[in-house]
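Chains as they are written, first to last, in our numbering: chain A, 1 to 581; chain C, 1001 to 1254.
No lab work stands behind these hints: they were computed from the structure. Any given hint could be a false lead.
Simulated DEER-style distance windows between Cβ atoms [as the list claims (entries may be wrong)]:
(1) Ile1021(C) - Ala49(A): 53 to 59 angstroms
(2) Ile1021(C) - Gly488(A): 29 to 35 angstroms
(3) Phe132(A) - Gly1128(C): 35 to 41 angstroms
(4) Ile478(A) - Asp1220(C): 57 to 63 angstroms
(5) Pro1036(C) - Arg94(A): 52 to 58 angstroms
(6) Lys1102(C) - Glu36(A): 53 to 59 angstroms
(7) Gly488(A) - Met1088(C): 32 to 38 angstroms
(8) Pro1036(C) - Leu471(A): 41 to 47 angstroms
(9) Arg373(A) - Glu1137(C): 35 to 41 angstroms
We put the CB at the ideal spot given by N, CA and C, even for glycine.
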Amino acid sequence: MHSSADVDKHPSVSKGILKGVIKVSVILLLIYAIVELFIGRLPQADYRAFPLTGSRIAIWIVAQVHLLFGAFVLAVPLFALICEIIALKTKDERYNQLAYEFVKLLHMAFTTTAIFGALLLIALIGLYPKFFDHMTKIFKPTYYVYVFLLFGEVIAFYVYYYSWHKLVGRPLHIVYGALLNFFGISIMVAANAWAAYMQTPGGVDESGNLVSLWGAINTYTWMPINIHRTIANISYGGSIAGAYAAFRFLAAESDEERARYDWMGYVGSFIAIAALLPLPFAGYFLTMEMYAFSQQMGITLMGGVFSWLFIIQAVLIGVLFLAANYYLWLGMMRIKGSERYSKYNKWLLVVVTICVIVWMTPHSIVASLEEARKMGGTHHPILGVLGVMSAKNTAVNIMILATFLSFILYKRANKIATVSWAKTGALVQGLVLAIAVGINIFYGIYGYFVEAIVRLGFSNYMVYAVLGAMLIVIAIDIPMFKGARTTGPIAWGKMPGRSQYALFLLAITFTWTMGLMGYARSGIREYWHVYGILRDKAPDAFTPTLGYAANIVSVTTLLFLGLVALIVALGIRAEKSGKAH
Amino acid sequence: MEHATEKRKRRIPLFLQAVLITLGSYLVYQYGIRPPIPASILFMFMVVTVAAVLLYVSLDDDSLEEFLRPVLTVIRDDRWKIVRWAFMIAIPLIAGWVVYDKTVPKIEPPVTVRSVHPAPPGSINVRGKTYDLRTLENPLRKDTANFTKHVKAGADVYIKNCYYCHGDFLDGKGPYADFINPPPANFQDIGTIAMLQESFLFWRIMKGGPGLPTEGTPWDSSMPAWEPILSEQEVWQVILFMYEFTGHKPRRWE
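Chain A extracted, bound-state conformation (with noise of 0.2 angstroms):
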C-alpha cells in the first residue's frame, strides 16, 4: 500500500525499480501458485461453475473492471505526457502539477489493475479451462512478451515517478514518460490481439489450429482496436481528470484552491473532448473491418438484436456533446467580455439539441401493436429517413462542428484580434465553417439517392470537410490572435457549482459506455469462444436481454468508480496528513 511517507521522501528511483519488480513477481506467484495447488487438481473439464453468479458474470465483471483501470493506468500517463510537453512548452508550472496530481494516484491504480488481471486470468484458467487451453496453444509467445512488457511497465513507471520532482519539466524526464506510455500501449495492443482473434480470428485452419501467429495477431479488427482504444483512452484520462478535479472544485475551502481545480477541471474536459471529436471516425473504421470479416456479424450488430445497443450509445453521445459544450457555455461566465460571444450560445445549444435528436432516431422503433399499426410497419416513414446513416453523419458531423465552434468562441472570449485582417480572416473562419456545414448537409440528403457503397464513400467527403474546416479555422486563428488585445484575464474559479456536474456527467458517460460498447463488442461474438472457430458451450452462452446487460455495465460502472474514488479519497488523505507534516 502506498502512503504519504512514501509522496514525501521519493524514494531513490533504483529503489522504486525493486520495490516494483517485487511487486509484479509476488503477483505472478500467486496466481501461479492458486493455478498449481487449487486448480491444477480439480477433476478436468471444459466447464466449471462460479457460485452465485455463474461463470459468465463473474468473468465478465472482473475483465470489465480490469479493463476500466487499464484504460485508466494507461489514460493518465499518456495525460501526464501531454501535460508535461505542454509545460514545457509553454513554461507554464501548472501543468506539471496537474500531471503529478495523477500520476501520483498511479501508484494504486496500477495495484489494482493488477489484482483485477490476477483474478481474470484465475477465472479464466479455472472457469472456462477449455477455452483457455486453447488460447495458449495459439497464443503462448505472446504470453511471455506481455510479461517483459509488464515489467517494463512497472520500470517504467518507478522511474518516471520517483525522478518526478529531480527531473520534471526536462527533457530527459518527458522521454521516460514516453517510454512508460510506450510499454502501456504495447500491453494493451498485446491485450487487444487476443481479444481481436476472439472475435475476427485469423491465422488457423477451420479447426483451430495455428497456421501463422502473426495472422492470429494482425486480424481484421486488431489495429481498428488499437487506434479506437488509444484514442478513447486519452479522452477518458481527461474525463477522470475533470471529474476529480471537479470534486475538488465543490469540496474546495479556499478560493486558490477553487481556482486552481477550476483551471484543471478545464484542462481534463478540453483533453477530453479534442481527443472525442476523432472517436466516431475511429469507430467507423473498427465497425468497417468487422462487417469485411463478416457481413452477419455486421449485420447483428448494426441491424440485428445487437443494434439496440446503439440506440443507447447514441443517447449517451448526445449526452456528452451536450454536457461538453455546456461546461464550455458557462465557462465563458469566468471571462470578462466574454458576453460578445455568449449570446450565441442559446443557438448553438438548439443545433446541438437538433443534432441529438436527429443522431439518436433509431432505424428500428420500439412500438406497441397499435402504434405499429398506425406507422404502417415497424419503420416509420419520417423518422426511419432519420434512422439512417446518411442523417446520422450529417447530425454527428455538424454536432462536432459546433461544439467545435463553442470552443472556438470561448477561447476568444477575452481576446481582440489586433491585426489588420481580423475581419476578413473572421469572415473566412465563418464561410469554412459555412462551407463544412453545407457539404455534409448536401451528400447528406444526395446519400438517399445513391447505392449503399456510394453512400459510405460521402461519408469520407463529409469527414474531410469537417477535418478540413477545423484545420483551416485553426491555422487562421493562431495568427490571427497573435499580440490580441486582451479585455481581462480569466478569474478562474469563478465558475457556477452547477458547471461542474457537467465534467461528473463526462466521466460516468464515458466509463458506463466504455462498459456497454465492450458489451457489445464481445457480446457480437454469441455462442462463440473464437467466432467460427470455438463454440462456446457452457450454460452461460446466450446473450442476455439488454435490460440485463445494462444492469451489469452499471454493476461494473459503480464498482470501477467507487474503487476510483476510495483512491482518490486515499490520495487526499495522504496529501493533507503530508501537509501536516
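Please arrange chain C on chain A, whose structure you already have, making use of the hints.
Then chain C, alone, in the frame of chain A:
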C-alpha cells in the same frame, strides 16, 4: 447594463418561455408528425427537449435566477399559498397516476423489439444444395446478354407470387397487406433492400419467416418459405426485378 435589464423586461419571462418551448415541442412531436410517432420515441424526444430547456435557462446566473424566481416565489411567498398547495397535491397525484398506469395489466400485447434486419446464417441448405451466404452472388448478373429477359421473368414471378402482399408498386401495399402483422416489407423504402446484399434476399425468400433466427422473431412473420415453390433461377430473377423496378442497387462491400 441598464439597457440589457430593460430589454430583458420586455421579452417573455424565462419561466414562461421554458414552459412554452416544452409544450410547443410536445405538440409538434405528438401532432405535427404523421403517422404519429410511438410513445418510446416521443419519450426520447421529450427527455432531450426538457434537458435542452433546462440548459437554456441556466446558461448564465442571471437567467437561472430569473427562471427560478417564480418557482421560489410560489414556494416561499404566502400570497401564493393556494398555488403551492395545488402543486403539492397535484405532483404526488400525477406521480401516483403514472405509476398506476405503468403497472396496471393491459390487454395490449407487450411492446416488441423486433430486429428488422436480423443477421443471416453463414450458409443455408436448399433442397440438398448448400449455399455459402458470405460469398453467394446473383449468377444472373453475369449473364448480361439475357439481363432484360431475366428481369421480365422476375416480374412474372413477382406478379404471380409476391404481389398479393408486397403490392404492384413493391411498396408493401398489396391487397392482403392490411390483414398481415407485421405488415409486408416496403421495397421502395431506402431502409429495406437498398441496404442488403442479394444473398440476404435469396435467404429471406427461400427460407421465409420460419427461417429467421430467434432475434428476428420467426413466429412474428407471415413471409412463407418459397423453397418448395420457386426454383433457384426464379428467385434470382425476382431479386433482379425487385432492384430494377425500385431503382435501388444491391449492397456491395467492395
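Quick rundown of the hints versus the structure:
At about 55 angstroms, the CB distance of isoleucine 1021(C) to alanine 49(A) agrees with the hint of 53 to 59 angstroms. Look at isoleucine 1021(C) against glycine 488(A): about 34 angstroms separates their beta carbons, and that is inside 29 to 35 angstroms. Separated by about 40 angstroms at the C-beta atoms, phenylalanine 132(A) and glycine 1128(C) satisfy the suggested range of 35 to 41 angstroms. The supplied range of 57 to 63 angstroms is met by isoleucine 478(A) and aspartate 1220(C), whose beta-carbon atoms lie about 59 angstroms from each other.
The hinted window of 52 to 58 angstroms between proline 1036(C) and arginine 94(A) holds, with their beta carbons roughly 55 angstroms apart. For lysine 1102(C) paired with glutamate 36(A), a C-beta distance near 54 angstroms keeps the hint of 53 to 59 angstroms intact. The hinted window of 32 to 38 angstroms between glycine 488(A) and methionine 1088(C) is violated, with their beta carbons roughly 46 angstroms apart. The given range of 41 to 47 angstroms is respected by proline 1036(C) and leucine 471(A), whose C-beta atoms sit roughly 44 angstroms from each other.
Evaluation of the 35 to 41 angstroms hint for arginine 373(A) and glutamate 1137(C) yields a pass: the beta carbon distance comes to about 37 angstroms.
The structure fails hint 7 only (numbered hints given earlier).
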